[in-house]
Every structure is written in C-alpha cells, then in structure tokens.
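Chain B: place on chain A using the hints.
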Amino acid sequence: MPVRDYLRERFFPQIWCAGCGHGQIMGGIVRAIEELGLEKNRVVVVSGIGCSSRMPGYLDFHTLHTLHGRALAFATGVKMGRPELTVIVPMGDGDAAAIGGNHLIHTARRNINLTAIVMNNSIYGMTGGQSSPTTPVHAKSTTAPWGSIDPAFDLVNLVKGAGGSFVARTTTYHTKEMQQIIVKAIRHEGFSFVEVLSQCPTYFGRKNEGGTATEMMKRFTETTTTMGSLRKKEQPALLERGIFVDEQRAEYASTYCEFVKQAREQR
Amino acid sequence: MKKQGGGVSKFIQGNEAVVEGALYAGVSFYAGYPITPSTEIAELMTERLPQHGGKCIQMEDELASMCAIIGAALTGSKAMTATSGPGFSLMQEAIGFAVMAEIPCVVVNVQRSGPSTGLPTKVAQSDVMQARWGTHGDHAIIALTASNLQDVFRITIEAFNMAETYRTPVVLLLDEVVGHMREKLTLPPRSECEVIDRLITNVPAGIDYHPYLAREDGRLPMSDFGGVHRYNVTGLMHDMWGFPSSDPTVTYNLMHHLVDKIENRSFEIARYREFFTEDAKVLLISYGSSARSALQVVENRRDRGNKMGLLELNTLWPFPEDVVRRLSAGKDHVVVVEMNMGQMYQEVKKAVPNPERVYLANRIDGVFISHYDIEKVLNVIQGKGV
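Protein chains in written order, with this note's numbering: chain A, 1 to 267; chain B, 1 to 386.
In isolation and in its complexed conformation, chain B is listed as follows:
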C-alpha cells in the first residue's frame, strides 16, 4: 500500500476493486455463493465487511443470495451480491422481484464464457442481453461496466448510487479479464467521490404512508422495515399501499412507472468515455476489457496518421442510444468490439442512421480479444486484405 496524491494506492485485482468501491459506497450487507470467476469478491467481503460493521452470509445457492440481499435492503442495508453467468441465471427471478418491488441492490456478474457451465475460467461478455432481459416480463434495468480498476472502483460506487436513486437493482457487468487483472488502484479520500444514501420518507408516524406513491420526480421515499410505517411489499402488481391489485389502470400505471423511471432518464444514467472521437473517420465502440484492446488499436493507428476514435461505454443499459447516434454520425465505419456474437453490435445497428456501416470485431472462443483481432477486421473493412 502506497500513499499517492492524497489517496492510498494498491496493486490489486479487479474483483478487489469492486470490494473497495462497495465499501467506499457504504455497503452493509453481502450474500453470495462461490462461483468462478467472481469468488474473490465473496472471499474479500467476508473478511473486510465485518471490520466495517457490515454483515456477510454465504447462502445455499444464488437464488437465496439474491433473495437475502432484497430482505436486507428492506431493513435499510446497502446490499450486494456477486456471481457469474450460471449464478446470474439463477438470480433472475429475484432480480425481477427487486424490479417490481423497487428494491435498491447491486448484482455483480463477472462474466465467463459460454452458455451453461461453458468455460468457467475464460473470458466473455456474453451476458449483455441476459442483464437486459434475463428476468421475465417488460421492465427496465441499469447495467454498468468498466475496463480498468480505477473505473471499476468508480462505477461500483455509481452502481450503489443509482440503485438508491432509482430504487432498482443495478447490474455491474464485469468480465473475467477485468475481474482477475491486476493493476494500480488509487483509493480517493473519503470526500472525493459522491455517495448517495437512501431517500427516507419524511411522513411522520401516525400519518398514512404510501410506499408506492411516486413523487413528481418519480422517486419513492422509503421507510425501512422496523420503522414507524408498516406496509406490504409484493412481487404482484400492486397499488400505492403495496397491496396486490389486478386493476387495469393500476397495472398500466405501474408498468409505465417501472420502465419510465429508468428509460426516460437514460441521459442521466449514461456513463461513457471518448477517446479521439472529434476528428475520427472510424469509430470503435467497446466496453469492459475489450475496450482496452480497442484503445490500443486506436492509439497504434493514430501514430500512423489514421483518424480513429473510441467510444467506451460504461453504461450498457439503458442503452445510451443518443450518445451512440451522435458520435457515430458522419463516420466512414463504426466497429463494435466485444467478446460475444454481437449483442451490443445489434443495439448499435438499431441506433445509427447507417446500419450498413456498422461492423463487428469479436472473439467467442474464450480467448481475450487482442488488437490483432481488431486490426484484422479493420483491414477487411478498409479493403486491405486479411
């Protein structure tokens, strides 16, 4: 550990950076189940969290882990779990519950390769669509990602902030390379990063509190279990008291509230980084560890006078459509760089006015996508042969 520029520097893994970010954000409850490549988060949480006064529990499976963090969140905890693809599949039903009942919580998925057990120790980014549509029913979701440890730390804090602000589960969609990669992380001093705490209702005891009556800005002030307001929480369609209802108007309004509170605020949820986009003729769009190789390509080609830029997405969902459309405008080509069979590529094609100019540079074999892989695709697009 080294002091540097006001903060403490550490040389650690991405999974450890998640724990540092969560502790900074004030996590107070963690429930999980071991799974590669996310296990270090559980290990470090069980060690560090009690030292900060928080609690950890190893549950019997991922379903229980997700349920337990929702229960703890209702008592006022900032709660989190971490897993990988197979465990993320098991969590989906309870993630839907958290969407429906508007429970703030953070779900980390350190992605690995393939459907089913796949390649447990190899990298992939193939849960992008599972993060979006993994749970059943129409809904909106927030999913965030990062490519380097400083950003992993920062985006983990943001995940907690957004969970509290929008009262929603937030998926932190990392990948095996980011999770296991070691690099320097400088921990900022306490006051440097904004930490948003829960909005608590100011309705006094004895006055009827409506847990699901949104304010004008769409936010729902909460009252924790054990407090002075007793109310019902359910995964059924519900009215402003949280009591089950099958009234079409209640259902329609609730569906719109759940989707609109996130989709209509896409602009304020969008996090991204731009590299040399101003004069770029070719734009790469990437995220997570793939963005590291994409940036390498951009820097190499820039050295050779090739006008190339990179848009690195930190917010995957709600898809930052406006940002992608704006930065793709007027480009000769747009190349989406990712480690799946084109999950973000399809989204980008939908967002831009010239989808025929969008290409995919990917790897799906568990091997980390390198700058060579991207260069090969660029050569084909630019007519320079393979």
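If we strip away everything but chain A, and leave its shape as in the complex, we get:
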C-alpha cells in the first residue's frame, strides 16, 4: 500500500513548523507500519499533548489524542481492552519524561505490549520554547534565558533502569535506521521504547544558534555514533544509537488473558 494511504490528507497541511523533525518521524512510523503490512483497522495510535502529539490526527488509524503526559495510561487501557491491536504511542520529551515520567517508568516495568516513540527535541515547542527534562545544561530556552542549570535526563538509561525490555535510540538524520528500529520495536512482544532525537529549528535552534534544520540534523552525525563503535571508544561523550535492550519477558496483557482463563475455570 502506498505510504500516503496511511495518511488523512484531508487534514493537511499539518501544524508543524518548516524544518521540524516530527514529520520525518511520522514518515518513519508510517513506513515501518507499511513494511510490517499491518492492517489499518488493527492499529491504534495514542498521544498526549504537545507538537509531537498532534501526529495521530494525520494518521488513518484508530487515533486517540489525550492529555499532557497521560498517553501511556490511556494506551494501557486500550491494550488491556483489545490486546490483539497494535498500539503505538508517539510522545514528546516533556510529555514523556516530565509530566508523564511516572507513567513511562511504570509502563516499562509492567512490560505491556505498547510501542512508545519519544520525539526528543529538547524543548517544549507548542508553548513556545521552554526547558524540558532533556534540555542540555547551559542550553538556552525561554524559561532558561541565561542557560539551563538542570541536569538532563538520559531517557534510554531511564527506561532501561525501569525494566524496559526493548530500548533504542536513533535520530531524524538516520531515517533508514529509524525505520528499521521502529519495525523491530513494533514487532517486539512487550513494552518497546524508541527515543528519536529530533530538531526544533524554530525554538531550540533559534535560542541556541543551532542554524537551519539541515544543519541541526547534520549535527546528529557529530554528536551520536552507532552502539559500541570505535568512535565511541575514542570520544566517550558521544551519544550511542541502536538497540540497547531487546529481551523477551512475560508480556502483561497476554499474561493477564491467561490469568482470566484460569480464573474463569476456577469460578
């Protein structure tokens, strides 16, 4: 099926700024779904609030645009209600790691079969460029006009620590890699977490002399490297890309379904 058949084109043009990375990530998700050959009626996309969270409206699946930070909690209800559906949860960095941080770690702990894709552009874009939990120290934002003093979250380590069974990182520059990782994440039987480093030229770039969108994207090739590469050994400060955790553990919704069968027999 052509990729455009997964889009609700009547609601275009989308609201994202020129050069925003979120469209690239939407492209990655749609191409991954296309590659997996998922039927449109079997896919649910659940989001919270923020620039990233406007994505579901443009996608021709069952789409649920919820509250700031709570997408994973809504998605948990959807998955428990209909475990046979594929549930994908695009989130922003503030959405996932600040207001929704508690839901993120508990969803990882439960290992329920949802795919969370965090579009990390290190800024609150929808409200005009405030600091997020992933804004780097010294970076400027409208709420850190003299540079941030808040240490930033490493989302991959956070989700690993919370027990995530599939944890990966990629960027908007590495589009093929992004698509491959999302395919594996959706296929994974359990909670899968993909951090996609994204660019916000409008706010983060402008406040931090990041240059154009393409310059910001190119910078991902300088600041990141593939997992376990020689470059990482030479430059330990580089962020690694790749799949850090991919383990099979008991999945929550299917375990519960088994439990319901037993409970019914014992009744």
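Fair warning: there could be bad hints in the mix.
[Unchecked claim] Under 10 Å between C-beta atoms, here's a sample of chain A residues computed to sit facing chain B:
#, residue
1, G69
2, G77
3, G228
4, S229
5, R267
[Said to hold, decoys possible] Computed footprint of chain B on chain A, listed as stretches where at least three residues anywhere in the stretch have a Cβ under 8 Å from a Cβ of chain B:
#, region
6, 32-42
7, 60-66
8, 101-108
9, 125-133
Quick caveat, the hints were computed from the structure, so don't treat them as lab data. Beta carbons are placed, not taken as given, at the ideal position from N, Cα and C, and that holds for glycine.
Positioned in the frame of chain A, the structure of chain B alone reads:
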C-alpha cells in the same frame, strides 16, 4: 449466602454492593489505586472481575486509573474506577476528557472528611460540588448516590446505564458510612434489572462514519477501536469527525451539545425517593447515609403526630430542581440534612420560591450525623429551644 424471593441474599458492605451492581451491569474493565475508604472495591474487583472474564489493573496513581478506563471504554469495555476525595481530585482532568470526548465510564467516589488528606477513615459528603465542578470548563455531569445497600446496588447499575445512554462519565458519590456499612443485599435474578448496553453505529464499513454527529435524540452511536471505522478522539474542541477545530460555530454547538444532552434530560435522570411527603408540613431533604438519620427523625416525629416528610435524592447532578421545587411548595420549613457546610443546601435555596424557609442540619467533624443532630436544629426552627 441465602436464597430469598428468587434472588440470593448476602450480608455485605456497601463497597461490596457496588461491585455486585457493577458485575450485574456487565463491567468488563476496572483500573484503580488504593485509597481509604474505597479500597474494598479494588480488592473485590481484582478477585471477582477476572472470574467473569473481565480485567483489572492497579495503576500507578489515580490519574492513570482514570485514563486507563477511558482507553478501555474506547475498545468497547464497560469501564469503572473507584477512589475517595484526594484521588477524585487527581482524576478531574481526565474526567473532563471523558466529558469532552463523550466516553462512557463510571467513577465511584466513597467520600471521606476534609480537604487534602483530611480524615481518611471518617465520613463526609463534602465532594458534592467537586463532583459538579471538579474539572475545569463549562460542562454537565451526572452524579448519583444512595443510602442503603439495595439502592447502592440498583444505582450502580443505573450509573452504567446512564454512562452508556448519555455517553458521559457518571460519578457514583457514596460516603464512608454507606461504603463500610454492612446490611442485607438481595441480588435480583438476571432479568429483573434493566441493563443498557452501548449503542453501536449501524453505518457499514466503507461508508463515512461521523463519530461526533449526534442523532436527533442527542445520542451518539459508537464504533469501538478495532472496528471498521477509524476516527480521531481528542480533548480539543472537535468537529463531527473528531478532528480538532477552533471554529466558533463548531465550538458553540459542541458546548451546547455537551451540556444540553444532560441538563435538558434532567427529568429522565432524576432518581429520588419520597417518604410521607403528601401531607408533610416540614420537609427534610437528604441523600446518602445522612438520609438514614433523616428518615429516622421523620418516623419518630410521625409517631408523635408531627407531619414531617423526607425527600431522599439519588440523583444529585443534574440537580433535580423541579422535584425539589414541587415537593417544597407550601411547606412551613425545608431542612437539608447533609455532612458538609451546606453544598446541597445552597442548591435547594436556589430552587425554591421561599429560600428563607430553608435550613441546614449538618455535621462537618467526621462524626456521622445522628437523629439528635437533626432534632436539635428542628427544635430551634420550631422555637422549642436547644
């Protein structure tokens, strides 16, 4: 367990009666977080619901619980959560989402005393206004209550029925005394109580389905997630496809639809009981556990030839204004009996033609209001001293 009159009788707690009512109504999903004095509902649900093929999950907090039941409701589940005041506060944002996106679900609040943590194990009825206006923005809400286990059972079924009929969250506003009180509950046979299931759209696959285009009667036939119709659900103002819109006409019409579908049907949502109201000179108005003491006062005074009656409200919101006005007409006094600082009292005063004849008999100290407390107020009103 004892068989009686066609049904099974049990001697149980009010919180257990909620679970019995929910199971009878066909609940299939429960999400919750422990909180006194509602915890027994979560405990019993996790035990009983899987035996009926349903699912339960203990979430990380009340915010997540409320969100999870909305998610499950969208897949076709009859979904419910239970909590008390502090947890109810945390749920408010998502309750607003359920109002806006018109998601059927049931939220039980077994009320306890005070703002903040207050008195976790003591009784109060002080969330009446939180049930009405807890979430932000203009909206309508349905809130129901009961004073005895048979009514708790019945009103729980009604809560699910109304949630499905009006596509709205329904608040079941119980209190600590009703929740923890033990008395007999006779479970009616399967066919006795009406159970209303979801209205499902008959639009076939391939035809454009408008999830938010109301029928003439205001009802919205639903299509569950996973079905043949794919649409958007949002907490933003939205058009008939569920797609965000800031168009003033769309906004105006949606606001009216959300409020009118409930407020204009107040007469069909109103549930109440009348005790000796026909010839009463003094009318007590009460609800929840307070209504038990109010009824005791009415019965005592009737024995002494005092013409007194009781209106027990089971529907608190939308406020049954017409019922209150009609039954208060021509009374010497109207006394509102409740365990808060006058939340329903103010509503009653607004509804009746002679607000100066409306009095409040209340307790706010975590102690259950007794017939003495009500008698004291009556004595003052009737000039008999304290």
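Hints and how they fare:
With a least beta-carbon distance of about 8 Å to chain B, the hint placing G69 (chain A) at the interface is held under the 10 Å criterion. Interface hint at G77 (chain A): satisfied, since its Cβ lies 3 Å from the closest Cβ of chain B, which is below the 10 Å cut-off. Given hint, G228 (chain A) at the interface with chain B, is violated; its Cβ is 34 Å from that chain's nearest Cβ, farther than 10 Å. Annotation: interface hint on S229 (chain A) violated; nearest CB of chain B at approximately 37 Å, more than 10 Å.
The beta carbon of R267 (chain A) is positioned within 10 Å of a beta carbon in chain B (closest approach about 4 Å), and the interface hint is therefore held. Counting residues of the region 32-42 of chain A whose CB lies closer than 8 Å to any CB of chain B gives 3, so the stated coverage by that chain holds, three being the minimum. Using a Cβ-Cβ cut-off of 8 Å, 7 residues of the region 60-66 of chain A lie near chain B, which meets the minimum of three, so the contact claim holds. Taking a C-beta to C-beta cut-off of 8 Å, the region 101-108 of chain A contributes 3 residues in contact with chain B, enough for the three needed, and the coverage statement holds.
For the region 125-133 of chain A, the stated coverage by chain B is not satisfied: 0 residues place a CB nearer than 8 Å to a CB of that chain, which falls below the threshold of 3.
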